[in-house]
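Protein chains: 2
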Amino acid sequence: MLLSDEGKKVLLHDLAILIEANVEQIITANVKDLDRMDDADPKKDRLLLTESRIQALADSVRDVAQLEDPTGKELYRKTMENGLEVTKITVPVGVVGIIYESRPNVTIDVAALCIRSGNAVLLRGGTDAEFSNLVLVDIIHQAMEKNQVETNAVQLLPTDRKFVKEMLEATDYVDIIIPRGSQSLIDFVRANSKVPTIETGAGVCHTYIESSADLESAAEIVVNAKVQRPSVCNALDTILVDKSIAGAFLPKIKEGMEEFNVAVYADEESFEILESVHYKNLYKAHSEDFGKEYLGYGCSVKVVENMEEALEHISQFSSKHSEAIVSRDAEKCERFLNEVDAAAVYTNASTRFTDGGVFGLGAEIGISTQKLHARGPFALEKLTTEKWVVRGNGQIRN
Amino acid sequence: MLLSDEGKKVLLHDLAILIEANVEQIITANVKDLDRMDDADPKKDRLLLTESRIQALADSVRDVAQLEDPTGKELYRKTMENGLEVTKITVPVGVVGIIYESRPNVTIDVAALCIRSGNAVLLRGGTDAEFSNLVLVDIIHQAMEKNQVETNAVQLLPTDRKFVKEMLEATDYVDIIIPRGSQSLIDFVRANSKVPTIETGAGVCHTYIESSADLESAAEIVVNAKVQRPSVCNALDTILVDKSIAGAFLPKIKEGMEEFNVAVYADEESFEILESVHYKNLYKAHSEDFGKEYLGYGCSVKVVENMEEALEHISQFSSKHSEAIVSRDAEKCERFLNEVDAAAVYTNASTRFTDGGVFGLGAEIGISTQKLHARGPFALEKLTTEKWVVRGNGQIRN
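Chains as they are written, first to last, in my numbering: chain A, 211 to 608; chain B, 211 to 608.
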């Protein structure tokens with residue numbers, strides 16, 4: 211898409227208005243999808259579009275319009291001795307493929323981000339949400355037509371499985387594929403895609419309580435990281451605690467963790483400590499309880515000899531998503547930030563903050579746990595690539 | 211590697227000195243490799259290490275030491291309302307795998323770049339260069355030992371083919387793989403690697419002579435882009451010329467092209483024009499002569515109706531490496547820069563300038579023709595990834 215910054219904003223504002231004007235039509239289509247789904251299916255809530263959720267969609271489109279245009283930014287400039295002007299600028303990636311599941315809001319969110327960044331997008335939504343997605347894409351197309359933009363820049367693929375495979379192999383037509391959904395979807399895309407993909411993988415997140423930590427604060431951080439929203443990837447999975455303070459620290463998490471009936475899988479030493487304070491939902495940890503993403507009210511605990519052992523444990527079991535240390539020793543804090551290899555590393559804070567919106571990037575498509583192109587929150591600016599632009603007046607190379 | 215900026219520089223200077231001190235030993239090993247190779251083999255020259263080439267290697271290590279440390283750069287900073295300090299910095303990618311062929315100089319060049327950027331590197335050189343590579347890596351290890359750096363941060367893999375396959379599948383241990391060599395090597399890596407790779411693909415490069423062009427300058431640019439070093443990826447492959455000036459322009463390239471006996475594969479109209487001036491090495495173009503990387507003294511020519519046709523041709527046949535327009539119409543120049551999708555786009559200059567050194571980036575590992583992570587010259591700074599570093603004093607998420 212070769213729309214101007216202003217043109218993209220106008221299109222998105224028109225889209226927000228059209229969403230608001232078509233609430234009834236959207237709900238009618240959504241009901242058709244809902245009717246096909248079993249009432250007991252946990253995906254039903256993710257599929258549901260209510261009036262207020264549709265309003266939130268329109269609002270989020272307006273938010274994306276407010277974000278700074280990520281394209282056309284000058285990243286580098288050099289004038290060569292021969293007068294050649296070398297610059298490097300950001301440009302849209304080109305064609306973005308998204309494979310996602312039930313949530314129809316992804317259709318609008320991702321289309322808005324792609325329009326804002328000047329990319330074409332191939333949407334491959336779930337069969338569950340087919341009627342909802344068809345209406346939403348129709349509304350997007352109305353906004354595009356109103357702004358004289360070719361509607362095939364936003365395409366909804368048929369739900370037939372064969373189109374997923376075709377998309378994953380279309381290296382000449384698709385520049386990047388982002389799977390958004392369950393681990394099995396992500397694994398499938400990773401294993402089968404010939405197009406470069408962004409992995410938004412699991413989060414096995416540790417918080418290490420170092421011996422100098424403020425134990426009250428440490429307990430608050432650990433409990434928050436576990437219970438504030440346990441179903442997400444930046445939630446805590448394993449507590450590591452220095453031996454010298456384990457006896458003083460662990461009883462402090464009892465109340466907060468028990469309030470949510472968190473199942474704690476504890477190594478021998480921590481089990482003894484938590485048992486002595488009658489922690490309710492306590493189990494002896496087995497080796498598979500470490501390096502595990504709980505995605506719910508569960509976590510593991512391990513007592514470590516010292517920082518070396520903590521770093522070693524993290525290096526072995528981390529999925530390189532979000533890792534934290536709680537400590538009042540500035541040197542140890544810096545060492546942790548320096549040596550732990552993860553998308554986000556923290557001192558004295560809950561890992562729950564790893565989020566595009568929180569970090570100030572606007573809406574995110576996911577948290578990348580890979581190292582190339584994007585690491586951490588994958589937001590608008592990462593829907594760009596670079597282009598070297600060289601302006602001359604007859605220069606040749608000697 | 212957790213060396214300081216200064217520590218890395220010192221290590222590289224020690225390496226340069228050790229290379230100079232071991233010229234004889236290097237040459238002895240290199241002779242063993244050369245002796246195994248047939249005299250007629252064109253790879254023999256690439257394998258050869260002379261005293262002056264070894265000196266050049268030491269010099270290039272010193273050049274890399276002079277480059278700015280690409281790690282630890284702050285890319286983003288935000289202090290949240292709750293006092294949380296969010297920053298994003300550059301860090302080493304981690305473990306870099308390089309698969310390359312005969313040239314033993316790659317061993318030193320790549321090891322130096324990886325040391326400078328704090329990465330560990332797995333070198334998988336060609337069987338041809340085995341003795342040379344063993345000595346060179348031994349010298350690198352001496353420099354590392356002198357600086358108390360673990361030598362396994364630079365490893366030469368055995369030449370057994372099975373190690374290539376293992377490396378391509380080692381997603382838990384290798385963060386990025388860069389193939390450096392022939393197209394067949396690159397294709398093999400692309401097809402088989404589960405580790406993210408950087409494609410340094412072919413260059414099918416066009417230069418479009420627009421009707422307003424200064425024809426003398428255009429001829430000079432085109433000839434330079436073709437003959438200055440035709441074996442490389444940024445050399446010209448196809449000339450597109452506006453119909454209205456084709457008759458005036460094409461005769462101007464005759465002398466320069468004939469000097470190097472360039473074989474010209476011309477479409478019907480350009481064939482007539484070049485035939486009328488008795489161009490010597492002239493052929494009628496077939497469809498396969500367009501979209502072809504010549505890598506030698508050959509090119510194709512096509513007369514186009516106008517800029518639209520030129521853009522369409524480029525969009526269809528470009529490998530998205532380097533593309534140029536020659537024109538005095540500023541608006542058309544900007545349109546070309548804007549609309550052509552390639553790693554490097556030029557106005558009024560030879561495409562031969564696409565090069566890390568020329569662009570001011572220092573030594574390059576190759577020219578990336580893909581869009582993620584790195585596009586264009588792949589140099590030192592792209593051996594980094596990002597890390598979100600978040601400093602708190604007890605913050606939790608509400």
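Keep in mind that the hints are not guaranteed to be accurate.
The list treats identical chains as one, so a pair stands whether inside a single copy or across any two.
Claimed, not checked - When the alpha-carbon atoms are kept at most 25 Å apart in a straight line, the in silico DSS-like pairs for lysine-lysine are as follows:
hint: 1; residue 1: Lys283; residue 2: Lys542
hint: 2; residue 1: Lys404; residue 2: Lys375
hint: 3; residue 1: Lys404; residue 2: Lys502
hint: 4; residue 1: Lys404; residue 2: Lys372
hint: 5; residue 1: Lys253; residue 2: Lys372
hint: 6; residue 1: Lys490; residue 2: Lys404
hint: 7; residue 1: Lys494; residue 2: Lys404
Since the hints were made in silico from the structure, they are not lab data. Quantities reported herein were computed from a predicted structural model and do not represent experimental measurements.
These are the hints, each one checked on the structure:
no. : hint              : in the structure
1   : Lys283 <-> Lys542 : between (38 Å within a copy, 21 Å between copies)
2   : Lys404 <-> Lys375 : both (10 Å within a copy, 17 Å between copies)
3   : Lys404 <-> Lys502 : between (29 Å within a copy, 23 Å between copies)
4   : Lys404 <-> Lys372 : both (15 Å within a copy, 22 Å between copies)
5   : Lys253 <-> Lys372 : within (23 Å within a copy, 45 Å between copies)
6   : Lys490 <-> Lys404 : neither (49 Å within a copy, 44 Å between copies)
7   : Lys494 <-> Lys404 : neither (43 Å within a copy, 37 Å between copies)
The structure does not agree with the numbered hints 6 and 7 stated previously, though it agrees with the rest.
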